[in-house]
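Protein chains: 4
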Amino acid sequence: MPKRALMHVLPLLALTVAVPSAAQMSKSEVASFLDEREERLTDIAMRIWDLAEVGYLEEESSALLAGELEAHGFTVEWGVAGIPTAFVATYGSGSPVIGVLGEFDALPGINQAAVPYRQPIEGKIAGHACGHHLYGTASSAAAIGAAEWLKRTGSPGTIRLYGTPAEEGGSAKVYMVRAGLFDDVDVVLAWHASGVNSASPGSNLAVKSAKFRFSGVSAHAASAPEQGRSALDGVEAMNFMVNLMREHVPQETRLHYVITYGGAAPNVVPDFSEVYYYVRHPDPEVVRSIFERVVAASAGAAEGTGTSVEYEVIGGAYSRLPIVALQEVVYENLTSVGGVFYDDQELAFAEALKGTLPPNPSVASAATIQPFEHRMTYASSDAGDVSWKVPAGTLSAATWIPGTAAHSWQAIAAGGTTIGVKGMMVAAKTLALTAVDLFSDPARVATIRAEFEKSRGADFRYDPLIGDRDPPLDYRARSPMP
Amino acid sequence: MPKRALMHVLPLLALTVAVPSAAQMSKSEVASFLDEREERLTDIAMRIWDLAEVGYLEEESSALLAGELEAHGFTVEWGVAGIPTAFVATYGSGSPVIGVLGEFDALPGINQAAVPYRQPIEGKIAGHACGHHLYGTASSAAAIGAAEWLKRTGSPGTIRLYGTPAEEGGSAKVYMVRAGLFDDVDVVLAWHASGVNSASPGSNLAVKSAKFRFSGVSAHAASAPEQGRSALDGVEAMNFMVNLMREHVPQETRLHYVITYGGAAPNVVPDFSEVYYYVRHPDPEVVRSIFERVVAASAGAAEGTGTSVEYEVIGGAYSRLPIVALQEVVYENLTSVGGVFYDDQELAFAEALKGTLPPNPSVASAATIQPFEHRMTYASSDAGDVSWKVPAGTLSAATWIPGTAAHSWQAIAAGGTTIGVKGMMVAAKTLALTAVDLFSDPARVATIRAEFEKSRGADFRYDPLIGDRDPPLDYRARSPMP
Amino acid sequence: MPKRALMHVLPLLALTVAVPSAAQMSKSEVASFLDEREERLTDIAMRIWDLAEVGYLEEESSALLAGELEAHGFTVEWGVAGIPTAFVATYGSGSPVIGVLGEFDALPGINQAAVPYRQPIEGKIAGHACGHHLYGTASSAAAIGAAEWLKRTGSPGTIRLYGTPAEEGGSAKVYMVRAGLFDDVDVVLAWHASGVNSASPGSNLAVKSAKFRFSGVSAHAASAPEQGRSALDGVEAMNFMVNLMREHVPQETRLHYVITYGGAAPNVVPDFSEVYYYVRHPDPEVVRSIFERVVAASAGAAEGTGTSVEYEVIGGAYSRLPIVALQEVVYENLTSVGGVFYDDQELAFAEALKGTLPPNPSVASAATIQPFEHRMTYASSDAGDVSWKVPAGTLSAATWIPGTAAHSWQAIAAGGTTIGVKGMMVAAKTLALTAVDLFSDPARVATIRAEFEKSRGADFRYDPLIGDRDPPLDYRARSPMP
Amino acid sequence: MPKRALMHVLPLLALTVAVPSAAQMSKSEVASFLDEREERLTDIAMRIWDLAEVGYLEEESSALLAGELEAHGFTVEWGVAGIPTAFVATYGSGSPVIGVLGEFDALPGINQAAVPYRQPIEGKIAGHACGHHLYGTASSAAAIGAAEWLKRTGSPGTIRLYGTPAEEGGSAKVYMVRAGLFDDVDVVLAWHASGVNSASPGSNLAVKSAKFRFSGVSAHAASAPEQGRSALDGVEAMNFMVNLMREHVPQETRLHYVITYGGAAPNVVPDFSEVYYYVRHPDPEVVRSIFERVVAASAGAAEGTGTSVEYEVIGGAYSRLPIVALQEVVYENLTSVGGVFYDDQELAFAEALKGTLPPNPSVASAATIQPFEHRMTYASSDAGDVSWKVPAGTLSAATWIPGTAAHSWQAIAAGGTTIGVKGMMVAAKTLALTAVDLFSDPARVATIRAEFEKSRGADFRYDPLIGDRDPPLDYRARSPMP
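Protein chains in written order, with the working numbering: chain D, 236 to 717; chain R, 236 to 717; chain S, 236 to 717; chain F, 236 to 717.
Bound-form chain D, shown alone:
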């Protein structure tokens, strides 16, 4: 098993050749600047991995990252968009303004030690199964690297790190977009933990989610059931009609639900029941219209079962708007930085973990970069909204053993080792170098923005899928009970 102290980083030989030298700091020097800080970055990432704070409750995790940015000269604004754990850290001034997204929330209901076999950690109720401890740390590192370049070169330009909480269902970025926090940004950069290294242009699914809460009339289920109206009947009737609806939506639609409260005791007719729905489709407008049909199903279910229903929109996100010209810059830098190369200990760990995963893709593929081609992902992210406000570039880095699924224990396990850290460093350097390219080449930014305006369309008007609701700051703390 790899020890954090034993990490070795591959020399960035390719970079010394591929990257043109900047005024007073070459891209190779930017990469080295970050490599030299790997131990410090590792400490931060592993501390956040240990904390595993869930959405909107990431007080320590966000403070760790913001503190590091302040230590490197960033100015931090806290509590943006009405969210206590959201922040914006800024360095530099003038154009262009480059934003970097940084997430840090953990996933509840799953946890795991950093071992290549299933071993939950006693008493821990959440885990970094989506690698956000690496995400926030790498992004902050990239911002620090870009700030260093601005400082040393004296170039005009502003670098911002957006500390974005609660990606897992809390949709913080949407509230941040709605609050206008990205209005003056030229380009946004992001990345994600993965089992592959990739910077292809791609899209995903828009999503709108809501909790439907049915109210009925309680009664003794054996002695007076005729006096009761079961709220669970309402939930089941709604689900029935949504399941029928599956035939009558475009095939790329995704509708899924869990029953979050299905009654307390069989001998009492439940007067409360709750079901939690996601509606997804590549097109946000289709999501909007199908969501209305789901609402109609809930209303019809209430009418037909003698119950009543209300719903609360929980989250909502646009699908990603891919910008090919921007992904090309990211791709160039990713290929120059290169993939993840395991040392012997890491290889042993990876191969042990591979025994619990599908055989393809191979462990060796962590060292490679995926071909540049359009990719569709059937998943959603609140980064989607950002991509309709600002041209947004992204990449994946192989922080996990190839073949690992997001939200799996294997993701937590690898993310807690030097394997995760190596992937994190790939991301940090790729993002920093991309920012340097954009600061250095205004024409490229202009091209990117032109493609963005064209892809978005002249008629586009941003209307967030979460509507006018406030951030659900207690969504991880609430019980479904009435």
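These are computed hints drawn from the structure, not numbers from a lab.
Put simply, identical chains are the same to the list, so a pair is met inside one copy or across any two.
When the alpha-carbon atoms are kept at most 20 Å apart in a straight line, the in silico SDA-like pairs for lysine to any residue are as follows:
hint	residue 1	residue 2
1	LYS589	HIS642
2	LYS359	ALA500
3	LYS359	ALA499
4	LYS386	GLU271
5	LYS359	ALA712
6	LYS689	ALA678
7	LYS589	ALA454
8	LYS359	ALA641
9	LYS386	ASP676
10	LYS386	ALA306
11	LYS386	SER267
12	LYS589	ASP579
13	LYS386	GLY308
Computed from a predicted structure; not experimentally measured.
Since the structure of chain D is already known, use the hints to place chains R, S and F on it.
The following block gives chains R, S and F in isolation, referenced to the frame of chain D:
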């Protein structure tokens, strides 16, 4: 197998002793008057059995009965309550006015030869599985017998035979009650074909039925299902919610349905679908409120599936209001007339048929009279409405082999033989003698009406469950297709 | 609001007249013996009310009662039937052996202060909404009273208090019957908290309950739903088929369920889901057969949804076998003890609480005794099994404001005041005096046992509905999560 | 409205240039040969349009086509594959063997006069809503044209017309493939009526269909529902589980059903019910596996509802295997033949009908040829199986107004006018000229077959989705009643 020509009727020995002599015609003579006409009555009943005309289409059957009544001095009014095959035949004048109900419609979807084993008749699409050929004939005979008594004795009084079509789902009596045809009647008498002889007071279930018709949007089910809205989805969602509702209604409730049109071809999203519902409960007001909940289920189903729905009330009937004082008169006369005694041929037929039936009650029980006690029947009849307008007495006569279920092929079989005829004669004589008793004893009529007023309650207001719809004269002819 | 210190007990004037004096201790003296100990009994009952320990976790509550019995010379056997909190406390020797049942578990999910308006107690997760704090205390008091009579009179006879945990879903008495703990008992006595005073013979519903646990295959609900098999689909399909089944069971059947685990997050296809079912009917054998059909529905649902299912029987109880000859003894003593009379403070409390309850029956009815007549209750109790092993007599005492439903906050509220204590004293004295009558009159015991043998039938073989499972000692502690 | 006598055919100018002259008969002469026979072909097509014979009952329609082929020297074999209305008509000898498919069955449940507004024909229960009257006629004409070329040139080669009945649900071609009728064929040609002219390579959906028949226990729905087991419950439970399954199949899957028998009368628990299912997906093996899951849903439904179920596979077809090299030949000939040009009367008809159709594509597009590109169609055809046995080329011809859907009344209307005939002539000439090309150029046939072998794969083993069932010769005549 019994031949119609070989019928032997038991001498009414009991009657010659038990019945007090009336002015110019004793009850025993009334019974004999009917016995002497048995061959003629048999011809009529068997002709109707052969015709097997279904609801509202009973042109020949009703004409046969009305013709016989006219031949005995009755005045016939046709087309009452807007129903071509409904009639009222009247004899005599003054009080009291005694009505007798006579049904004559057959049941579609079942037929059978008069043999003690299953043998459908080729090409025949309906059969007298509920014995209405005997019902109408015996009731007409009873009215003729009572008229003869009125004529010979010169007593004041009016006897009426109500020719009531379409009992099987057409609810003709309800329209006849609604039209005021029973408003001036003092007492109504009725009977029904059965496997037992009984004149106990009893009640049954009120019912309201309707066809719910869903409309959707048709589309190619493979190439454009997202453009379709399935009307069958509407039906299934409605059914789902009604099935949930079963838990939340009083346990004596009955809810049942069939899907009468569920789409034409799988490769087309159905734009039409129909489901046919019955709602029943002992209390008509409970039926009314549960029916509204079923309507709400249909509306909720339409809303939740993107379809629309309309419903047509098909039938509706009150539960029977039993009048003990009236049943006592019927019971006295039934016990004096006696049960059904098989001759050797009939016994052989009965025992052969018994092989296809439950062993209990025994074949011999056809000769006995059931004890007088309150009985609840979980079935419905449009005679229910009559019983809330006029005190209504009824009996069952053993026209079928004991153990035979209504609507079975065994009922058709026995009803086509002398066994059915013997049961019919029991009913004809019991009804005629009961009418004579009521004509003879005004105090008894007063007692009956006093109980009726008290049982019905001072606040009672008749509000038919069929609402204001017209008789569904084409309900047996229509296709569910739009 | 009544204070515990202000309780006034009505003088037992009726008893001094009505009860014939026994050898060295009259029934009146037995009643007085208990009245003198009311303050002590109040302390015990209110301590258990405060503890509100849930099923199989009633360590302190059971110890309080057993300690009181030991202090009065009873020998206590702990851990009977493999249940740590179950005990049998015995006094005396020889025949007859009279058992008294005592319950003491609280109901989770509900709590309330002893005030006549809704006021949950912060941090308390359970409450005595079924009055078992009074039940156990009154029964123990009755046993102590009967023991005192045995001691003073020197009569032969054994009195036993059965400390029976976990009535609310844990079915402890069934395990205790199965373990043979009632094999040598002649008569068992019991009671229950109520809004009325009654000792009529009556029956209730047999019940069998189980948790059905479906397992599926987890998958990302958006990116790979076709690889998933939803365990919640299994639950919903099972429920669907059970809801269809409602039409095809005898109308006295009760089927009810809650979904105790319906998935964790909508974006993951649930690989686990749980539904908790009760099946009830007056006849245990009908329960058994319908339960098998419910199991078939679960198996069919698993087959049809590509999931698997296992079930765990949670509880099971026979319906009560009423013994009229025994109820007559209880009824005689209840009428002599009399009902519950409120003082001014109690009346004010009762009337305030009545504002939250149906107007009928009136507050004043707490002072009356219900007429002696057969009563059917659509509820279940694990005391049912006892009643098929031993003749079991029971009564209800008005510990709650008339009109209060079991398992309501109003029941907790009244049960925490002197109103509850007064009802408890009615029960304690009635049970003690009934035991004295049985000890005094062997012929009456013989009559009771003869009726019992006849009612139960010669062919009866006890086969507990819980089968061979062990007591679910952790049923209140477990999470439904796999 | 266009009269049949007024048809004008565009001169085939393009052909005179593009087609190389053959030995004694140029391709231009082959086209002219067909054009000269247009009136005769029109008579045949319109006679079949009038007959509108449904699947496996096309006695006159098939005889008309076979008679015409015999009149041109073809030898006809009747009753192939055990199907009375299927035939194979052969001309010539030796290699290559070219087959042409000809359909002729009408669609039940829809009919229409040849007018540009909705006007059903009284008493007609079927119509050529899929243009098979044109299909069979054009294919026969093409075979006759190719035979003429073989005769005049004396070239080796065999031309066969396959008279394939019951395409609409009867899957006759599958039985014909299974019977080995295509084993010695080198290339098969086909076409279809459409609103466009196209010869692109494309695929569609494999399909497997079945009727699931549930049996239960009948009972009076009001008086003894607990004795009944509703077969309709089985159907609804199966449907419920299939609707849940929609979430867990690949998104290209299509599952659709209609309830073909849902009970006779609400007052009887149905002991029979039938549901008719289609399962479709591009991959026949996926269809096979999902069909098994649908069968599991039926079995689970039966188990869970106390019913039993059997199923009968009704149809099954592979998806089309496209052969690019063959489509290129068809495309070349289609572009040389050209599209459909309306005269003034036809234009007026087309524009009137367009008022009932979507505005795009335009009426004018009937004159154009669609670009050559891969196309996916979400529909199925029994020609799919042929395409896995023999390289099969196909085209669409604009027999309908652009924008017309198959199975619509607009398709019947246009198909009954000269518009349909003009499209038919496009198809007839394109197929004939393609056959001539293949007879003329063995190398091209070899290329086609090489691609076919490669696309099909070395491991391919044909296993028809209909299994070993016999042709459902009575599938249009049967009632679902048991």
